[in-house]
Amino acid sequence: MIDRLTESRGLDSFDIRYVALILAILGIGVLSIYSVTHGQQGGTAPYYLKQLIWIGLGSAAFLVMWVSDYHRLARFAYPAYVFILLMLVFVLFEGRTSKGAQRWIALGPFSFQPSEFAKLILVLVLAHYYSKTPRVGWLQRVIVPGLLVLPGLLLILKQPDLGSGLSFVAVYAAMLLMVGVRSQALGFILLFSIMLFPFAWEGVWGSLHDYQRQRIMAFVDPDYDPGGKGYHALQSKIAIGSGELLGKGLYGGTQSQLKFLPEGHTDFVFAVFAEEWGFLGVLVLLTLFVALIWLSLEIASKAKDQLGALLAVGIVAMLCFCVVINIGMTAGMFPIVGIPLPLVSYGGSATIMTMASLGLLLNVKRKRLSLFY
Amino acid sequence: MMTTHSSESEFGDLHRRLFILRVGLLLVVVLLGLRLWHLQIREGPYYRDLSENNRTRLVLLEPARGLIYDRHGVLLANNVPSFSLYVTLEDVKDREVLIQQLTDLLGLDPTLVRKKMTVKGSKLLPRKIKDRMTLRDATLVESHRLDMPGVMIQVESQRNYPGGVTAAHLLGYVGEISADQLEKPEFIDLHQGSIVGQYGVEKSYDRHMRGMAGQKSVEVDALGHEKKASVVERPQAGNDLYLTIDARLQKVAEDLLGQEHGAIVALDPNSGDILAMASRPGFDPNVLSRELTAKQWVEIVQDEGRPLNNRASQGQYPPGSTFKIPMAVAALETKTMSPASTVFCNGGYQFGKRLYHDWKVSGHGYVDLHNALVHSCDVYFYTIGQRMGIDVMAEFGKDFGLGKATGVELPSERSGIMPSTAWKQKAKNEQWLPGETISAAIGQGYVTVTPLQMASLVGTVANDGVSYRPRLVQAVMDRTSGNLQELPAVPRGKINAKPETFRVIKDALADVVTKGTATKAKSSMVTIGGKTGTAQVAALRTGPEENIPKKFRDHAWFVAFAPVESPKIAVAVLAEHMGHGGAAAAPLAKEVIETYMKLTPQIPAAISGFSRGNGPGRTSKDS
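In order, the protein sequence lines correspond to chains A and B. For the first sequence, the positions run 1 to 373 when our numbering is used. For the second sequence, the positions run 1 to 623 when our numbering is used.
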């Protein structure tokens, strides 16, 4: 009796608006990937078909997460973190190299990117930590979680994967802001980080790879050298800008179709979409993302316990960070750091991970509605 | 449950912080939206232009250069397709592997190929690695193209001179426009890489022959691969030139000079048409119209024989005794001498402290004008020179076109020098010395002329004083309208002298050949009139000619016209360091004249050659 009630309440959590938003964004992604890659001859299956397979797998992950119990998952947070750290170490030695970075582990015909999954696991770890530990001092609020983040962060930066590394930091920062620090401490941290910035910059700059430095330099003045370092940033701006109000239409994006725009199906998929659908299309996509994030924040604020709320906040922070940074970099507001646009960019690991995260979010909502657990 | 309270309070705090997060998020999204609005709406048109520029390129379509024919329609210069190998570095996977492949396939020099690939420039633009490939090499590369991404064979138009060295100085050669030329107003329509005439008629008639470039709009992808192309403007072919020269006579003249240095000019005194203009040593314009290496260029420029120098129009030599022709005209016209009055020649002429020698040590005895010309008596001309003075001589010399360029359509023509007191004051800021008049009277001293000027001079005498500007181009064929525009002969006025004067002088010149200094020019075929000359190179001379090193030997001159009764051809021969004109130059002039007479028994009207057809099917292995 009670069980049946639980079930029916649980099913109520399957928010049709939420799922519709996710599907709409995924659809835009597949369409753009199809548009930019349909003319390409390749030995393997076309990108849009592969993306549909990733979405299928992602849907499975979404459903599994939805029906699972985040409390039980949180209990496996530390072992999972250790496992993913081992994977990251393995990647450094045995991983597949592509475009100057060693990020992938080959699994038969596919390769997967442990750093993507590490993000979700980090959210789990931090949420678990904060919900279980009495937070009474600096050590427990900031330092210990920081030490938890550090090994993963360093391993990811070593690949090098600046984008994922920054997401790691973003998740940590979001958690800190939500629960970790008091208001006065917040100001102190800000002041402290500003003072430390020059030294940190020195260290960070020195450890960056050449292409990363060039990308950052290119951000400063892309028009200075259209054929060289600033090429990606400038071509991306041209693609977006030339879309104007209504866009050039499906397959009409000359920047992407003629390959002036690099990585049109992955990191720069937003520029492809903006070129073909114009400002109106962009507004639609932004609205979809904002709505999705709004619903997610709703779930966070209504979570029945702290673990759930923290999980939701972490996931939302991760999602927000990727959306803002990706769109910002394609629009020339930030340096190009190699962060995919969630649910839109082509990529197996990222798509599955993002959908699993959203499934977990829905799980938080489901548990709120269930009476007993 | 101990922590419940604190947990609850933190929970309330969480809601507050979540609210701040929402506000922050909205702010960021609004910022993103503003940025995109700025890019797409405010600057949208700007970026649309940029994207159009990105994908469409205007490609110039090079026009076909006009062809050059001789007076009878024999092809002298045309365009042939040529295969060039281009490499686009952006598409090359491994440079060293490609260099190895090209070396294996075509036997290219790997260091040279590497050098061409490393030259600074855009990686997106194809760069030329090799031009003038054989068809075999081109097909070889084409069949291996899939193994060599980035390699491309391009068919280009290459200037071709079927006659090789024949008429090289006249025709000139073509080459890529230089940076200096690009800044000149006459090349305003041209662009980097345009081919323009750099020498000869190719240069002076470049404007007619170069045509107009067309344009093609090409849509390219990021790798520069053509996707679509549409012609915006068709290129306009350049106009064809019909020269006045007879390719056969030209070849004969050049062969007569052979390995010797010198020049032969033959022209029609009735129109100024240059029938042949040979200059040796020569060069192959086919080689010069290609891309030369710096080393090749230095070799040509530093060649002691100065093969690029057109001796016919750019070589300035003392005229020697050929100068006695205008001197004779001057003497009669100024009544310094009558045809019958004589001068006694004892082999020398005393002026002040100096004795001016006659070439004949024993002297010529009493000589009148006729004999003075026939036997080239120096003393006679010393005497009349002294009587007339340099300024009178200069006046007549200038009437015959000395001291100024003839105006032939060739670049860098030289004017020679016809000295006068005013000239010396201006050029050297010195006073004219009386002794210098005596040297000038036999064409030594300051007097210098070009072979072309001398051919024109003797032609003017042959034509009883009526002269035409020497010319090389008789017609231009407009390729767009198909009209043949014949260029009229350019009269240069008539020398103000009595017909009797010319009759007397022509009689004497005829006897120069029959019984004077130029009997070696005597022809059984045609009557020839002429005058020998010997231009002194070194002032001090001891011993017989054979003992002097060649570079100090005299230049041999011979100027002639034929037939004496109704002149059809005037010839000037200059053979450098060949000694006496009668021995070295006169036979060459005779050969040229006889050849011309054989080639055209009935002298055609200037343009009649065209009726014999001038199709490009006629190739020009001149014979």
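Among the hints, erroneous ones may be present.
In silico BS3-like cross-links for lysine-lysine, where the CA-CA straight-line distance does not exceed 30 Å [claimed, not checked]:
#, chain 1, residue 1, chain 2, residue 2
1, B, K128, A, K259
2, A, K259, B, K116
3, B, K93, A, K158
4, B, K551, B, K506
5, A, K259, B, K216
No lab work stands behind these hints, which were simulated from the structure alone. The model shown is predicted, which means the values in this text are computed figures rather than measured ones.
Results of checking the hints against the structure:
| no. | hint | verdict |
| --- | --- | --- |
| 1 | B:K128 with A:K259 | holds, 25 Å |
| 2 | A:K259 with B:K116 | holds, 28 Å |
| 3 | B:K93 with A:K158 | holds, 28 Å |
| 4 | B:K551 with B:K506 | violated, 34 Å |
| 5 | A:K259 with B:K216 | holds, 22 Å |
Taken one by one, the earlier hints fail for this structure only at number 4.
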